[in-house]
Amino acid sequence: MSFYGIELSSRLLLGTARYPSPKILAEAIEASKAEVVTVSLRREAAAERGGQSFWSFIRGLGVRVLPNTAGCHTVAEAVTTAHMARELFDTPWIKLEVIRDDETLQPDVFGLVEAARILSDEGFEVFPYTTEDLAVADRLVEAGCRVLMPWGAPIGSARGLNNLYGLRALRAHFPDIPLVVDAGLGVPSHAAAAMELGYDAVLLNTAVAEAGDPVAMARAFALAIDAGRTAFAARPLEPRDMAVPSTPVLGRAALG
Amino acid sequence: MRIFVNGDQHDVEPRTLALALEELGYRGKKIATALNGRFVAAVARPNTALADGDQIEVVAPMQGG
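Protein chains in written order, with this note's numbering: chain A, 1 to 256; chain B, 257 to 321.
Treat the hints as calculated values from the structure; they're not laboratory data.
Everything numeric in this text was worked out from a predicted model, so none of it was measured.
For glycine and all other residues, C-beta sits at the position ideal for the given N, C-alpha and C.
Some hints could be false.
Said to hold, decoys possible - Taking lysine-lysine pairs in the DSS-like style, the calculated list, with each CA pair at most 25 angstroms apart, reads: (1) A:K23 with B:K285; (2) A:K23 with A:K33; (3) B:K286 with A:K23.
Stated by the list, open to error - Just a few of them, taken from the derived set where beta-carbon distance is under 8 angstroms, the chain B residues facing chain A: (4) R301; (5) N303; (6) V314.
Said to hold, decoys possible - Calculated Cβ distances over 12 angstroms to all of chain A for the following chain B residues: (7) A274; (8) I287; (9) A305; (10) G309; (11) D310; (12) E313.
Using the sequences and the hints given, assemble the complete structure.
This is how it looks when you write it as structure tokens:
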């Protein structure tokens with residue numbers, strides 16, 4: 001699997017927020033085998049040292065970073081944040097979020113497409129956090145996105161895949177674009193289900209960070225993602241309405 | 257001159273963004289900046305003039321999802 005020409009062997013992208021401690025975060029990243037972690041930006045006062053120490057910590061883990069534009073509600077905010085992230089993290093990758101609704105953190109897909117076009121034109125490699133809407137996805141690809149990240153469910157909701165039909169249709173419509181389910185997953189079976197649909201990867205944060213044992217949960221998600229991907233490659237059966245006997249009936253003893 | 261850094265008011269002498277950040281104690285820190293909502297690259301800070309009432313954002317790396 002590759003994102004913008006970068007080959008990756010892990011299909012799990014992990015968020016770095018909300019862990020009980022930096023030590024547990026580091027152990028969770030290791031247990032997840034993630035090669036890409038998401039990061040963000042925040043205001044920092046002159047006397048604070050949090051930003052530098054977090055950056056040193058992440059660099060020490062040897063993983064690739066995907067900065068986000070979390071919290072941005074307008075195209076202008078997202079574009080400026082992306083520029084600041086590119087300079088701070090020294091990467092053209094940007095997880096583009098333009099949020100419309102604060103209750104559901106539903107993306108403003110109109111602003112998202114506009115920001116994606118501006119940033120792609122400026123040389124960014126955009127990972128748009130979007131819905132499963134096909135037409136929006138089409139516009140994002142038109143705008144220059146070479147990865148799409150539809151939500152499974154609202155961020156942090158742990159509801160899993162809310163619209164299986166929509167996600168399946170998206171996969172069928174974009175066979176050659178890497179698709180990542182981003183947000184809303186709660187348990188490893190949700191991630192396995194996404195991979196069984198043929199999704200290329202899964203992006204997680206809260207489901208791991210806020211589990212009772214984040215390190216064990218990171219490992220469980222990694223196993224589920226491997227299982228789901230292996231199952232997809234093995235071409236699963238299609239569901240059917242009627243029973244089909246698994247034991248052959250030919251040669252059955254005639255007993256009555 | 258009165259400027260606002262991350263929403264807080266400061267009275268500074270310097271006329272450029274680079275000098276103002278230095279006076280405020282940001283020298284050598286891993287930060288990115290925006291002036292009145294627009295990104296200002298580190299290399300452009302010495303040539304970026306400030307005006308009374310300017311809004312400066314100074315951000316640093318943090319955890320994110």
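Inset, instruction - Could you tell me which of the numbered hints above are not met by this structure, giving the numbers in increasing order? - result: 4, 5, 8, 12
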